[in-house]
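Novice: If you read the protein sequences in the order shown, they are chains A, B and C.
So the first sequence is numbered by this note's numbering: it starts at 1 and just counts up by one.
So the second sequence is numbered by this note's numbering: it starts at 1001 and just counts up by one.
So the third sequence is numbered by this note's numbering: it starts at 2001 and just counts up by one.
No lab work stands behind these hints, which were simulated from the structure alone.
Think of the CB as a built atom: it goes at the ideal place given N, C-alpha and C, for glycine as much as any other residue.
You can trust all of the hints, since none of them are fake.
Computed list of chain A residues with no C-beta within reach of chain C, every gap over 10 Å: (1) V134; (2) I199; (3) W228; (4) L276; (5) I277; (6) G289; (7) A402; (8) T439; (9) N446; (10) F449; (11) I454; (12) V460; (13) V464; (14) L469.
Under the rule of at most 25 Å between Cα atoms (straight-line distance), these lysine to any residue pairs were calculated in the SDA-like manner: (15) C/K2091 - A/F61; (16) A/K492 - C/K2091; (17) A/K153 - B/L1026; (18) A/K195 - B/T1062; (19) B/K1107 - A/A285; (20) A/K161 - B/L1090; (21) A/K24 - C/G2137; (22) C/K2091 - A/L45; (23) A/K161 - B/I1030; (24) C/K2091 - A/N63; (25) C/K2058 - B/L1090; (26) B/K1107 - A/W228; (27) A/K153 - C/Q2134; (28) B/K1105 - B/L1026; (29) A/K52 - A/E467; (30) A/K24 - A/G101; (31) A/K153 - B/Y1095; (32) A/K153 - B/Y1092; (33) A/K358 - A/W431.
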Amino acid sequence: MINFLLIPILIPFFMGMVLMFLHKKVRLQRILSLLTLFCAAFMALLVMVKVKNEGVQTITFGNWPAPYGITMVADGMSSLLVFTTFVLGFFIAWYSFESIGREREQFFYYPGLMFILTGVTGAFTTGDIFNLFVFFEVLLMSSYLLIVLGGEKGQLRESIKYILVNVISSALFVIAVAYLYSVVGTLSMADISVKIAEINQPGIITTIAVLFLLVFGLKAAIFPLYFWLPSSYGAAPIPVLALFGALLTKVGVYAIMRTYTLFFVHDVSYTHEILLILAVLTILAGCIGALATFNVKQIIIYNIVIAVGVILFGTAQMNETGLEGALFYLVHDMIIKAVLFMLVGLVIYVTGTSNLRKMGGLMKTYPVLGWFYLIAAFGLAGIPPLSGFIGKLLIVQGGFEAGNIWSSIFLLASSLIVLLSVIRIFIYAFWGEEGERVTVEKHRYNRMFFPTAILVIISVAYGVGSEWLVPFMDNAAKILVDPSIYVDAVMKGGE
Amino acid sequence: MEIVMAFVCGFLFMAAIYLILSRSLLRIIIGTGLLSHGAHLLILTMGGLGGESPPVLGEGVTDYADPLPQALILTAIVISFGVTAFFLVLAYRAYQELGTDDTTKMKGSDEDD
Amino acid sequence: MRTNNLILQFTSKFVFFIIFFFAVHIFFAGHYTPGGGFVGGLLMSSAIVLLVIAYDLKTVQMILPVNYMYMTAAGLILAVGTAAFPMFKGKPFFTHFFDYFHLPLIGKTSLHTAALFDLGVFLVVVGVTMTIIQTIGEDE
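Go ahead and model the full structure; you've got the sequences and the hints to work with.
Specialist: As structure tokens, this is what we get:
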């Protein structure tokens, strides 16, 4: 079946529409969303295995020949990310049953969830630069809905800024695509790659490369452009925050990785040097932010910024080790951020506050939560054999291979700050005197804890079983290093 | 002709940035509208303004219009239509809830610490 | 506060239908010439907005008892369903089919599946626009 790679994207899309009709029936919506996401994850797994066994899968819409129509491409990286997205979507949907609130559930929360997953996976899969813009808009529109859903004062205030930033970045995206189109005269990513190689990347293309970095950097929250992230994300309810933190910035990171490995590879000493410097500054800014705040949500939010820096650092090395590490770290970070936000959500639920200073003594009452949090925190910092370790190891190794000794050492040192920032939550919230108590409904807590616990176990398994994942990652990194595999697959698919 | 269009785009961007930097929410929204108009015009210009003939490419045809920019612009217009509409509704709701449309009064957060 | 807008109310009864038929015309014209689902949908919703201005939301809701949210969803299903239909025939997503038919009164006509897609777009545009108008207008 030639459309096979589209099925994981279309399943949630259709279900989102169906759920719009059922928005009053909360129980039915819950069951259907879980079922949908399970099916989508399963299909995505099949696509991933197929990509590994049979190579890159492509399909061009409307039966057009390859460079003229819109092509969808499932290569190693995108199929891996699509699968991860659906797994996370499944657990976040499960988690939100008890935490999002009935009113939101009746007001198109689940359709919004489905559409945002469609947008994210579509953006991962598309092989057309303008189609990437369209999928960005799909996920942004649903994210506008999700961030403002509930209509609390803080949400309204922050979502205005969030939308404004994204509208401007979308306009810049259109401008960047227009410039690129005027130079190369095509929109298919594979064809752009070929055309840029033919004209050997003159200065104008390098300028466009920086413009693209600006566009995707706004979405991915890299150094000077991350200013909107902490306050906007802080206003969202926890399940939405987990979804955004795990997925949205990663789409921007993916777009940078894709364009900077497929298009702009002929002037690496300039473009990738900028990327490297920005990555280091991003890590620095994130570290300062994470240490400066006493709000548990904000600590984890600033850790998103740090992780974005780490992944881009791996990308900037432009060698197979660094890129493979970036991929490992990207998937790790998607999982671990979802886990951490869910855990922090539980902490906020049982203490009734997000201020660290008012918490304390949770270890006596919720020991299991404490241990799970500790595992996740160690995983984030990359303590072997947990999930962050292998990615960071490969990134640093790639950095040494590329001769960036000092920045690699800086990256290693930043892990300590990451560890410190998350252990601070552990020390303040779980040790010490017991803080204020709020009434906790035990069965609600359990129902929120269960999906979280499973996801923590998955993150541990990702770290311990990373040896088993290496073939998938190798396959994905190979395409990033050698764009001709991607290009050949797309062009051949059109014949 | 392209030069004129470049100036028009630049003027639209200038006006958009001026409006976005103002305090009133409504002006900001109009600014984003102008910004996307400028971007759409830019696509049109970047696709090349020449070509009086229909967008048909056959054997031996030298003069033809590029059909792609128009398709891109239509898509972008629809998207910006949706976003602007959503933004307007949101601004209206925010005005009702917060009692102001002045962005300088929308600073800070509830749980600052 | 209700001003005397008898003239507006009376004319809008006619003008509504004129705009409505023009919207339908634009929708079908979109086949080969400028027009299509998006513009048609906007015209259609502007016709309804004219009614809202002349009367008020409640009256219009009584005349046209449509849940615009469901209309949007139905339009989306129609549009994406049309796009997805070729998948069952082993063709890529979005492949469109057309053929020539002899219809009574009209004569030889080409019928495309793309028109169904456009109808979906039409419904989505009307649905979304009217939802927005209702949301803003409800509080007054």
